[in-house]
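Q: As given, the protein sequences belong to chains E and B, one line each in that order. Mapping the first sequence onto this note's numbering, position 49 (from 1) lands on 49, and the numbers just tick up by one. Mapping the second sequence onto this note's numbering, position 256 (from 1) lands on 256, and the numbers just tick up by one.
What the hints contain is simulated information worked out from the structure, not anything from laboratory work. One thing to keep in mind: the hints can contain errors.
One copy or any two copies: either way a pair holds, since identical chains are not told apart in the list.
Said to hold, decoys possible - 25 Å max Cα-Cα, derived SDA-like pairs, lysine to any residue:
1) LYS57 - ALA327
2) LYS248 - MET265
3) LYS98 - VAL275
4) LYS57 - PRO141
5) LYS226 - ASP90
6) LYS332 - ARG13
7) LYS57 - ASP124
8) LYS185 - GLU199
9) LYS98 - ASP211
10) LYS270 - GLY50
11) LYS248 - LEU48
12) LYS270 - GLN252
13) LYS57 - HIS7
14) LYS226 - THR92
15) LYS270 - GLY244
16) LYS129 - GLN56
17) LYS248 - ALA18
18) LYS98 - GLN224
19) LYS185 - GLY99
20) LYS98 - ARG161
21) LYS98 - THR163
22) LYS226 - VAL213
23) LYS248 - ASP268
24) LYS226 - PHE340
25) LYS248 - LEU139
26) LYS248 - GLU227
27) LYS129 - GLY221
28) LYS185 - ALA215
29) LYS226 - GLU190
2 protein chains.
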Amino acid sequence: MRATVLHAPSDIRLDEVADPTIEQDTDAVVRSLASCICGSDLWPYRGLAGTQSKPQKIGHELLGVVESVGSSVSGVSEGDVVIVPFLYSDNTCALCAKGVHTSCVNGGGYDGCQAEKVRVPQADGTLVKVPADRMTDALVPHLLALSDVFPTGHHAAVSARVTEGSTVVVVGDGAVGLSGVLAAKRLGAETVIAMSRHEPRQAIARQFGADHVVAERGREGAEQVKEILGGIGADAVLECVGTGDSMKQAFQSVRPGGTVGYVGMPHDVKLNVPVMFFTNSNLVGGVAPVRAYLDELLPDVLDGTIEPGLVFDQTLPLDQVADGYTAMDERKAIKTLLTF
Amino acid sequence: MRATVLHAPSDIRLDEVADPTIEQDTDAVVRSLASCICGSDLWPYRGLAGTQSKPQKIGHELLGVVESVGSSVSGVSEGDVVIVPFLYSDNTCALCAKGVHTSCVNGGGYDGCQAEKVRVPQADGTLVKVPADRMTDALVPHLLALSDVFPTGHHAAVSARVTEGSTVVVVGDGAVGLSGVLAAKRLGAETVIAMSRHEPRQAIARQFGADHVVAERGREGAEQVKEILGGIGADAVLECVGTGDSMKQAFQSVRPGGTVGYVGMPHDVKLNVPVMFFTNSNLVGGVAPVRAYLDELLPDVLDGTIEPGLVFDQTLPLDQVADGYTAMDERKAIKTLLTF
Chain E
1 MRATVLHAPS DIRLDEVADP TIEQDTDAVV RSLASCICGS DLWPYRGLAG
51 TQSKPQKIGH ELLGVVESVG SSVSGVSEGD VVIVPFLYSD NTCALCAKGV
101 HTSCVNGGGY DGCQAEKVRV PQADGTLVKV PADRMTDALV PHLLALSDVF
151 PTGHHAAVSA RVTEGSTVVV VGDGAVGLSG VLAAKRLGAE TVIAMSRHEP
201 RQAIARQFGA DHVVAERGRE GAEQVKEILG GIGADAVLEC VGTGDSMKQA
251 FQSVRPGGTV GYVGMPHDVK LNVPVMFFTN SNLVGGVAPV RAYLDELLPD
301 VLDGTIEPGL VFDQTLPLDQ VADGYTAMDE RKAIKTLLTF
Chain B
1 MRATVLHAPS DIRLDEVADP TIEQDTDAVV RSLASCICGS DLWPYRGLAG
51 TQSKPQKIGH ELLGVVESVG SSVSGVSEGD VVIVPFLYSD NTCALCAKGV
101 HTSCVNGGGY DGCQAEKVRV PQADGTLVKV PADRMTDALV PHLLALSDVF
151 PTGHHAAVSA RVTEGSTVVV VGDGAVGLSG VLAAKRLGAE TVIAMSRHEP
201 RQAIARQFGA DHVVAERGRE GAEQVKEILG GIGADAVLEC VGTGDSMKQA
251 FQSVRPGGTV GYVGMPHDVK LNVPVMFFTN SNLVGGVAPV RAYLDELLPD
301 VLDGTIEPGL VFDQTLPLDQ VADGYTAMDE RKAIKTLLTF
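For reference, chain E alone in the conformation it holds in the complex (with noise of 0.2 Å):
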């Protein structure tokens, strides 16, 4: 089969690799409908997540048919179209009971889901299998969406403790900030403020709710922030970016009493903890578990009701993978869509 591998920084190539196998019996293999790259995997890409020692396959939001399942799994079979959350868990263990199941005992990360087939460990507790008869192409870009992209986003605004009638401000308008407008926004947010540059991005960002563009950044951007929130900055940040800039613009833009919910990769972030502690400012998030939330957002995505797919401004072929890359490095395209 296909499968796009990292050989070197800025070297991404479509190699043909060894079709997946039954390794456990509960394992599935599942054949790719549509997956995607995330802004994480842009990290490994510009050479930014540490030395690579080989060639390692890449990817890890799927969209899928389960094409084979082990023996011990019951809960999907042949045939069944399944989101594929960006980590495997087996959703029984202490901490899965507890909704973490990015810390579950027996659970992991993918051997690279930009590829034609996946093998996906702990198959009953990971996959989630959209109704057979509500299946339809429309929903495809919304479907993978669920895989990792607004589930972080929600994670973020459920991290920040959004909920009705809370002020927001989201930091990044890549495709997990934009994310995080629309999950704001759905949990009952009053206000939103996008903090965005981009123009495409900021029309993303107003078309999932936000009230607010503020273009600004850093101090100035703060400023803006509070004028908008009648003087005290918002009771809920959504953090979407991981640099040390974007934790600073959270915290500038936090009322005391108020949460950070991050979600963006932390890479060399600092906290001043004394001002942190004297303003009851709150740090909570970190990697989002997707299995937890998927049986509340997936009903919203069959209806219609949200459209989280729409981040998605760009959808190539897997052959153009490494175009894909290129778009989303120089920030052409906000997130790129891959059929086969």
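For this one, chain E is given, so just place chain B on it according to the hints.
A: Showing chain B alone in chain E's frame:
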């Protein structure tokens, strides 16, 4: 009047100073019934709170009787017994409305409460009246504990999201940590583990409802916590010290997806943000907004449901205040109550 003054590290004196007076029409002057020494008073006493350029009045916890009020004060009047939360606040600004009285736009701290009288700005917003028909001498320590120490433990528990059925670890066996044990139990925690090596403190922890006491610290302590809690760590950890070591202990004891509620003023605390991110371990807390909690907590003290004043294991008249500092500094007393 007599007031406690810190002249230099370890040099506590009871000085004769001018009586406080009404300076603004929103002030009250309160005559002290009981005050006490806080663990945080030991930082400047030990010379660890920055250089001190001149003698300073000290103390911020008080139960007293209103002696006089400014012309616009209507909520309290001469003769009322009042709890004086350790910061003053107007209880009406946008931040007070959000429950963050510690960041009140018209708020601040007092000019030393280990004194015979204190000026309380924003008297209407700050002072909480004890109903005259409920007041007894036996309630004095428990009411005094509501001015800071118990609501601070409560804030740690609320911040750590302690709720019905939570598993809880309390790091720190000072008066705040012990208060955290009581607060966690009051909020319905199923299992509370107090980390303490000191027999008399262990006894109070058990009296406050601790189900287990762990004497070990560091990795070994965290291992014991995990063993007690089925292998995964605590839902909620109350960090009630504020040192780098205690914060580390807290994060070692919390389960993935759990929350560290911190109320120890941070000194040299460094956070491992990537580990927090990958484990969804959260940091919530800060300076306790005492005033925000008093309407909820006072009734439980008045009807004897909780006895937070049990943290006072030494009672001294004001003129022996220096002995109280020595006793607390040498950990011979948990918390010293001062009588007038």
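Q: Determine which of the earlier numbered hints do not hold for this structure and return their numbers in increasing order.
A: Of the numbered hints, 16, 17, 24, 25 and 27 do not hold.
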